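Enquirer: Build the full structure now, drawing on both the sequences and the hints.
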Amino acid sequence: MTTNAVPMSQWPSDHRYTIPVAGDQDVVTLTIDDKVVQAPRGELLIKVAQEHGSYIPRFCYHERMKPVGMCRMCLVEVEGMRGLQISCATPVVDGMIVRTQAPAVKQAQDGVLEFLLINHPLDCPVCDRGGECPLQDQTLAFGPGESRYVEEKRHFEKPIPISDLVLLDRERCIQCGRCTRFAAEIAGDALIDFGGRGGATEVITYPEQPFDSYFSGNVVQICPVGALTAQAYRFKARPWDLDVAETSCQTCSVGCRSSVDSTSNRIVRLLGVDSEPVNHGWLCDKGRYGYDWVHSDARLRAPAVRTGGGLADTSWPEALDAAADVIRRAVDAHGPASVAVLGGARGTNEDAYAWARLAKGVIGTDHIDAQLADGLPAEVVVGMPRATIADLDRARAIVVLGPDLKETVPVLALRARRAAVDLGVPLVEISPVDTGLTRDASVSVRHRPGAPGDVVQEVVDVLGGVTTRRGDLSPLVPALEGREGPVVVVLGRPSLAEPSDATVHAASLLANLTGDVRFLSALPAANVHGALDLGLAPGFLPGRVDLDAGRAHVEATWGAVPAEPGLDATGILRGAADGAIKVLVLLGCDPLADFPDRSLAVAALTNVEHVISVAAFPDGGVAYADLVLARTMWGEESGSTTNLEGRVMRLGRKVTPEGTTMEAWRIAGELAARLGTDFDLETVEEVQDEIARVAPAFAGVDARLLRRARDGVVLPLAEHADEIVFGAVAGAGVSWEPIPPAPAEPAPEEVTPEETTPPADEAPGPAEDLATPDAAGPAAPVPPVALFAWDTSAPAPTVVPEDAYSLRLVAAPTLYGSDPVCAASPPLARLADDESTLLVHPRTIDGLGVGPGDLVRVSSATAAIELPVRPDGRVPEGTALVATNRSGAGAFDLVDVSDPLTELRVETIGGGSGVGA
Amino acid sequence: MAEETRLVTKFLRERPDDSWTFEAARTHNAAYTALERALTMEPATIVEEVQTSGLRGRGGAGFGAGQKWSFLPKDVFPRYLAVNADEGEPSTFKDHMLLERDPHQIVEGVAITAFAIQAHHAFIYIRGEFGLGAERLEQAVADAYANGFLGKDILGSGFDLELIIHRGAGCYIAGDETGLLSSLEGERAMPRIKPPFPAVQGLYAAPTVVNNVETLSTIPHIVRNGGEWYAGMGVNKSTGTRIFSVSGMVEKPGNYEVELGITFRDLIEGLAGGVRGGKQMKFFIPGGASAPWLLPEHLDEPLDMDRASELRTMLGSGAIMVFDETVDPLLVSWRLAKFYAHESCGKCTPCREGSGWIEKILYRMANGLGRPDDLDLLLDMGQNIVPGLNAPFAQTTICALGPSTMSHVVSLDRWFGDEIRARLAADHARRATLQVASA
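Residue numbers (the working numbering), protein chains in the order written: chain A, 1 to 917; chain B, 1 to 439.
A couple of the hints might just be wrong.
Claimed, not checked - List of simulated lysine-lysine pairs, DSBU-like, C-alpha gap at most 35 Å: (1) 194(B) to 66(A); (2) 158(A) to 338(B); (3) 360(B) to 106(A); (4) 194(B) to 106(A); (5) 35(A) to 194(B); (6) 66(A) to 338(B); (7) 158(A) to 252(B).
Hints listed in this document are in silico derivations from the structure and should not be mistaken for laboratory results.
Predicted, not measured: the structure shown is a model, and the values here were computed from it.
Expert: The following block contains the structure:
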């Protein structure tokens with residue numbers, strides 16, 4: 001029995017790691033294969049048996065889906081019940097006597113496997129699944145040695161594409177329904193189903209409708225045979241040749257646990273790892289297939305310096321000397337405030353810490369911002385009361401106030417959907433346009449772009465028990481009846497066409513609701529939360545403390561800390577544009593693509609004296625750079641990341657870095673050394689240990705703990721220590737099998753080549769005993785400095801009167817776009833729509849008198865551009881939606897960051913009618 | 001000589017030209033007077049009366065109708081009544097007749113049953129191929145609504161009932177009660193795991209009673225005359241009358257409603273006129289295509305559901321198929337196998353894959369291409385669908401279609417095993433000779 005994990009009461013009912021100890025009233029006692037065991041009442045027999053060492057074979061059963069009882073592989077003998085029982089749908093009851101090895105069971109297993117194989121093509125030598133195939137494995141373990149079937153097998157054309165990413169081989173299919181159930185139950189995209197019947201049953205798509213779900217890759221992973229294969233991985237490797245490292249996906253800020261598989265030093269596949277608190281084993285397709293960019297030919301493979309003839313590769317000593325020189329001369333001539341750093345939201349925690357220390361402790365500038373006006377103010381993100389993803393499952397209600405979660409943080413959308421659909425948590429969505437969650441929300445209400453306040457106030461009233469006059473909110477009243485738990489607000493930026501003020505004000509209304517209100521950030525940049533937590537924001541120091549509160553504590557290590565809060569991204573770019581800032585360091589960001597106001601970004605990059613870009617790709621910022629410091633990427637570097645719930649998780653290094661690239665934290669250390677400060681940090685573990693010592697919110701989160709905490713740890717440790725699950729999981733996720741229960745003793749740790757240096761502190765530290773429930777050992781470390789708290793007051797934003805002649809712009813990213821992940825990963829590049837389109841309500845396009853796809857002139861206060869226009873029922877009248885992640889002229893050309901919102905006039909080209917005209 | 005005991009078929013036999021019309025049923029058959037009476041009774045009293053009557057489901061499983069109703073969890077609403085009019089068992093055509101010829105009797109039975117179980121929505125799932133039946137049933141329902149026997153506040157009793165007719169799309173397995181519910185919900189007609197049983201979680205996850213057309217057609221008679229009266233007919237625990245569809249090689253095939261307890265001989269030789277053309281009977285199927293076969297030596301056995309179980313077969317859907325001495329049992333078996341392979345829904349592995357395999361083996365056996373051990377192969381492989389191969393069948397599948405794929409094979413072995421094995425050996429030997437000749 002596992003005892004070293006979270007108390008069951010804190011987990012949703014379908015928890016998977018723990019079973020409660022004896023004495024609990026909800027425990028039943030039963031006998032499985034002559035072994036007396038205890039299990040929670042109602043738990044499925046197949047699961048209980050596995051936890052107690054009796055593995056029951058199965059094909060259709062999957063722990064994350066409802067049992068369906070199709071494959072009949074899991075039949076067992078239950079004393080007193082007539083015939084064999086399917087253990088996947090049999091709940092345990094007191095006194096049950098179960099035999100999983102009885103002769104009748106053996107015969108049934110033999111029989112089912114013989115049946116499954118009569119029509120199976122047995123083309124294992126050319127099947128991607130061969131070697132890691134549950135049908136192969138279970139035939140070996142439980143099946144007959146030969147078949148008595150001599151007739152012709154079933155034949156189908158093979159394989160057929162069911163989407164751009166997934167192929168279906170119907171001959172190999174064993175009709176377990178995992179894929180169809182995943183699509184309908186988990187993803188909510190019921191685009192595949194069974195067709196035909198009997199022996200002619202096959203998985204089908206609907207006419208003219210491919211399986212274009214954002215989550216389609218998951219069906220490949222859970223397919224128990226090679227019937228569903230991934231276009232990207234077909235014939236790339238044999239499973240036994242794969243090297244595996246577990247990591248967190250860095251495509252968005254959910255940080256889904258995944259395993260990176262490589263062969264011959266190339267990443268060939270990503271699989272989801274079933275992490276209870278994070279992703280339940282699922283990945284979105286962008287995360288799953290967005291690994292090719294690591295090996296892209298477009299990568300920067302060496303540092304470069306601008307000469308008369310453009311950028312020329314150079315050596316690291318020369319590049320670092322030159323960069324240090326540029327910074328030193330600017331500081332000497334104009335003071336530290338003439339240097340600014342932008343970006344860092346896509347690096348590791350170690351990168352963020354080292355760059356914060358370089359900027360604030362060595363150079364002395366506080367002009368540093370990881371967000372490019374595309375997020376929320378740091379004081380809100382750092383200081384708001386935080387929810388975990390798992391809080392969604394036990395919430396009184398979920399309020400989504402932000403972007404389309406399916407487009408920005410897709411697996412969080414799956415978790416929210418599960419809470420709403422499967423667990424019955426009321427979900428209120430407040431957004432300017434319909435989103436991917438609208439269909440599953442209990443209530444979905446629209447607000448005018450830039451003005452969510454009124455609607456949010458109504459929702460706050462309903463949550464506070466005040467009756468509502470709004471008909472569309474009335475379903476919420478009965479849904480809330482009798483519910484307890486926190487109100488979880490999923491908070492992000494609904495649109496980048498307006499500043500964050502209105503959203504922050506709306507969030508403050510929710511924060512001031514009586515009772516337990518917690519916020520879950522929906523900022524999508526992979527490690528924006530780690531960057532903000534580690535000081536890549538003006539006014540903040542590492543560990544969720546502001547300059548004043550943390551000064552004394554941090555100065556003890558750093559020696560110096562800036563006196564005054566610096567500028568945010570908008571301020572930095574304005575400073576660069578008007579000459580106050582002389583050196584602009586771009587830390588893995590591209591202001592031309594990321595900053596909402598493109599004209600300001602261009603002015604800044606054009607006018608600033610020096611641009612130093614720490615980049616992996618030749619992006620827009622690199623085009624303006626004097627110096628390019630080529631950095632390593634995810635997959636090439638170890639370290640840690642912080643996801644949107646503040647969970648710090650390890651990143652695994654899997655392949656050798658391309659060219660002579662260098663980790664960004666090491667670049668910071670090299671620059672610091674050249675500027676006169678020796679960080680004395682040689683390994684990632686040393687950086688992690690320094691973070692644990694210096695950054696108050698990271699107290700206790702040292703390298704040793706990070707290597708052992710399977711699902712990472714949520715900050716601050718003192719509040720979440722009992723949620724830590726220890727266990728090594730290096731190879732998990734390769735198999736279709738769920739991860740076995742955590743061992744009672746910490747398993748041998750995975751050691752990657754980066755980690756051969758032992759951590760400084762090998763003696764059992766406080767973290768050693770953290771999750772031993774009955775240990776009277778030391779409590780989790782408490783932050784040495786009180787953490788920053790958002791004071792939840794926010795001024796009401798300026799009310800902009802409605803203009804009947806304009807459309808209000810909503811600018812938001814879509815999952816697939818022109819970003820390097822998609823552009824440099826061939827499977828995704830085909831899916832990405834690279835052209836900006838003006839999406840308007842069908843009646844609006846009718847009013848314009850143009851057809852779908854026609855070009856129209858779109859003008860804002862800032863600019864006029866031409867865009868194709870298309871009708872889209874998700875967009876209300878009076879609103880226009882333009883995706884942000886597109887190359888070429890688009891949303892960010894229309895936005896002026898100083899305006900409270902962006903209003904558009906739309907005219908047909910060559911004169912004629914306009915909206916409202 | 002045996003005679004019919006006409007109860008549910010009395011009226012439709014009396015007025016073959018207009019028995020399905022509202023006017024005729026109301027004027028000449030006192031249609032809906034049982035409903036009028038029922039609405040004055042306590043719902044629980046009706047359930048008790050039906051339990052007293054001993055009426056057993058006429059769909060095939062033969063489960064006590066009143067008992068089924070009593071399994072509904074107390075105080076859980078809404079509840080639903082689903083009527084299984086998807087009569088698809090080969091050779092069964094009794095509900096077909098009731099639907100076409102006396103739809104008002106069904107509607108009245110539905111209304112009474114819905115009142116007894118306090119359901120306010122009832123659904124009749126009618127087999128897609130029953131065009132005329134659906135047309136007449138729809139008309140009957142419309143007439144019942146128009147005359148206040150359905151809808152809001154029926155006959156001023158305060159009881160509301162909406163009756164919805166749903167036409168199937170041609171699928172045998174929609175006749176399984178959980179397959180029927182899946183199909184009603186718009187899903188593929190795939191049976192569901194039990195438990196939960198429909199009485200606890202059926203249609204739209206609400207408590208649901210699923211009853212057969214003939215069962216419900218009997219309800220008005222029980223309400224009119226009392227449970228005791230009904231229980232007074234029949235034999236042992238097989239009370240009342242039952243419609244048997246007699247088909248195959250008999251002189252007078254057709255539906256015969258008889259009191260349970262008469263013998264197969266009474267039915268086949270008495271009412272149906274015996275084997276056609278004075279031939280000898282070889283075997284007969286006593287309860288629909290899924291029932292194991294019986295021989296002429298069983299003709300004096302009574303029509304008693306429990307006695308049938310003792311004979312390791314069943315009265316099932318009440319369809320008797322008679323085969324004379326000219327028939328090759330292997331061909332019959334192959335044809336049945338072909339039906340089940342075609343109708344397997346594809347959900348459970350043993351049935352999906354096994355049904356097709358059985359068909360293929362029987363095809364070669366019936367066509368002179370059998371191998372000496374083919375019958376044993378069938379029996380051994382069949383163990384993986386029907387462990388034990390003994391009726392009442394155990395099954396490795398969710399629904400009873402699995403065992404049905406094997407029941408005829410079991411019968412082949414039981415009654416004609418030696419004959420078939422000898423034939424397979426002879427076929428094999430003949431083929432060996434041919435091969436030598438052509439070599």
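Enquirer: Work down the list of hints and note, for each, if the structure agrees.
Expert: For each hint, the structure was consulted:
1. 194(B) to 66(A): Measuring from Cα to Cα gives roughly 14 Å; hence the hint holds.
2. 158(A) to 338(B): 27 Å, holds
3. 360(B) to 106(A): Holds, at about 26 Å.
4. 194(B) to 106(A): Holds, at roughly 23 Å.
5. 35(A) to 194(B): 27 Å, holds
6. 66(A) to 338(B): Given that 35 Å is the threshold and the Cα spacing comes to 33 Å, the pair holds.
7. 158(A) to 252(B): 53 Å, violated
The structure fails to meet hint 7 from the earlier list, while all remaining hints are met.
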